[in-house]
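Participant: Positions 1 to 300 (this note's numbering) are the ones given, in order, by the sequence shown.
FYI, nobody ran anything at the bench for these hints, they're computed from the structure.
Ideal Cβ placement from N, Cα and C applies to all residues, glycine included.
Incorrect hints may appear among the rest.
[Stated by the list, open to error] Below 35 Å or equal to it, Euclidean Cα-Cα: the simulated DSBU-like pairs (lysine-lysine) are: (1) Lys90 to Lys77; (2) Lys127 to Lys236; (3) Lys127 to Lys77; (4) Lys236 to Lys136; (5) Lys136 to Lys77; (6) Lys127 to Lys90.
[Unchecked claim] Restraint-style ranges between C-beta atoms, simulated for each label pair: (7) Thr76 to Glu22: 32 to 42 Å; (8) Met1 to Ala296: 36 to 46 Å; (9) Ala94 to Arg294: 41 to 51 Å.
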Amino acid sequence: MSLVRSLGYLRVEATDVSAWREFGVGVLGMTDGRGPDPNSAYLRMDDLAARIVVVPGERDRLTSTGWEVADPAALTKLTAILEEAGAAVKPASADEIADRRVAHLVEVDDPFGNRLEFFCGAELGHKPALSAYGTKFVTGEQGMGHAVLPATDDAAALRFYTEVLGFRLRDSMRLVPEHIGLPPTDQPLWMRFLGCGPRHHSIALAPLPAPSGMIHLMIETETIDDVGRALDRCAKRRAPIISSLGRHANDNMISFYVRTPGGFDIEYGWGGAVVDDATWVARQTTAHSVWGHRFAPGAQ
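Produce the complete structure using the sequences and hints provided.
Facilitator: Here's what the structure looks like:
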C-alpha cells in the first residue's frame with residue numbers, strides 16, 4: 001500500500017496570472033481564493049486553501065505536483081524510502097512550507113525531471129469554497145483528480161512509481177506511435193495508469209512530448225449537469241475545446257478536454273470509477289474511449 005494518499009495540488013508558473021484566474025473561476029467553476037502572494041492566483045475546489053496555485057513567471061509551465069500523505073510519520077517513512085532508492089530528496093525551506101500552507105514538505109524529481117512535492121498537514125480555507133455556478137467537485141479521499149505527466153522510459157517509470165512510491169498499476173494502454181505524432185517503432189509504447197487511493201488513477205505516465213511539463217489534469221464534478229454547464233461556459237467564453245464529450249474505456253469517466261492558459265489541458269469529467277484493490281484486476285487496452293472524445297487535429 002502506498003504511503004501517498006492522493007494528488008493534493010498543482011503549482012503553475014504563468015505569464016498571465018489574470019487569464020488563469022478568469023479561466024479557473026469563469027470556465028472551470030472554481031472559487032477565487034487568497035494566499036500569501038497577492039500577485040498569484042489561488043484556485044479552490046473544496047475546503048483546502050488552494051488546489052491550483054498560479055504564480056507569475058517568464059514562461060507557462062507546470063512547476064510541481066503536490067502529493068498528500070497522512071501525517072509526519074508517513075512523510076518521514078516515505079523520505080527514507082526515497083533516499084534508500086537513491087532519490088535526491090530536498091527538505092523544504094520554512095518559506096516554501098509557509099507558501100504551500102502545509103505543516104511539512106519534501107521535494108524530489110522523478111526519473112524524468114517531473115518535480116513532486118510530498119506534504120502533510122494542509123491548511124483549510126477559512127470560508128467555504130462556493131462556486132458561482134453551484135459546481136461541486138469530487139475530492140476528499142480521492143484527492144483533486146489525476147495528473148498525466150511525460151515519461152520517456154516505461155521500465156524506469158514503473159520502477160519508480162510502483163516499487164519506490166508504492167502506486168498500484170491499475171491499467172495500461174498500448175499506443176500506436178504514428179497516432180500520437182511519433183515515428184514508427186517495433187517496440188510497444190505504453191501509457192500507464194497508476195493509483196494510490198480509491199480513485200481509478202491519480203497519475204498516468206505517457207511517452208508524449210509536453211512543452212508545458214504536463215499533458216493534462218483531470219478534475220471531476222459531482223453531477224453530469226456540471227459537465228454540461230462547463231461546456232456551455234467554454235462556448236460562451238471561447239475557451240479552446242480540445243475534445244468532444246466522451247466516455248473513457250478504463251475509468252468510465254464521461255468528460256471533455258479544454259486547453260488552459262498554461263498550454264496543457266484540463267479533462268473535465270463526471271462518473272469516474274472507484275477501485276477496491278482487493279478485487280481490482282489490471283488489464284490493457286488499445287481503445288482510448290468507449291464513445292466520443294474526438295480530438296482536434298494535432299491535440300494529441
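Participant: Now, for every hint given, state plainly whether the structure supports it.
Facilitator: Hint check results:
1. Lys90 to Lys77: 15 Å, holds
2. Lys127 to Lys236: OK: Lys127 and Lys236 at ~29 Å, within 35 Å.
3. Lys127 to Lys77: Between Lys127 and Lys77 the Cα gap is close to 33 Å, so the pair holds against 35 Å.
4. Lys236 to Lys136: 21 Å, holds
5. Lys136 to Lys77: 34 Å, holds
6. Lys127 to Lys90: 33 Å, holds
7. Thr76 to Glu22: 32 to 42 Å: 41 Å, holds
8. Met1 to Ala296: 36 to 46 Å: 39 Å, holds
9. Ala94 to Arg294: 41 to 51 Å: Given about 49 Å between the Cβ atoms, the range holds.
Hint check: no violations occur; every hint is consistent with the structure.
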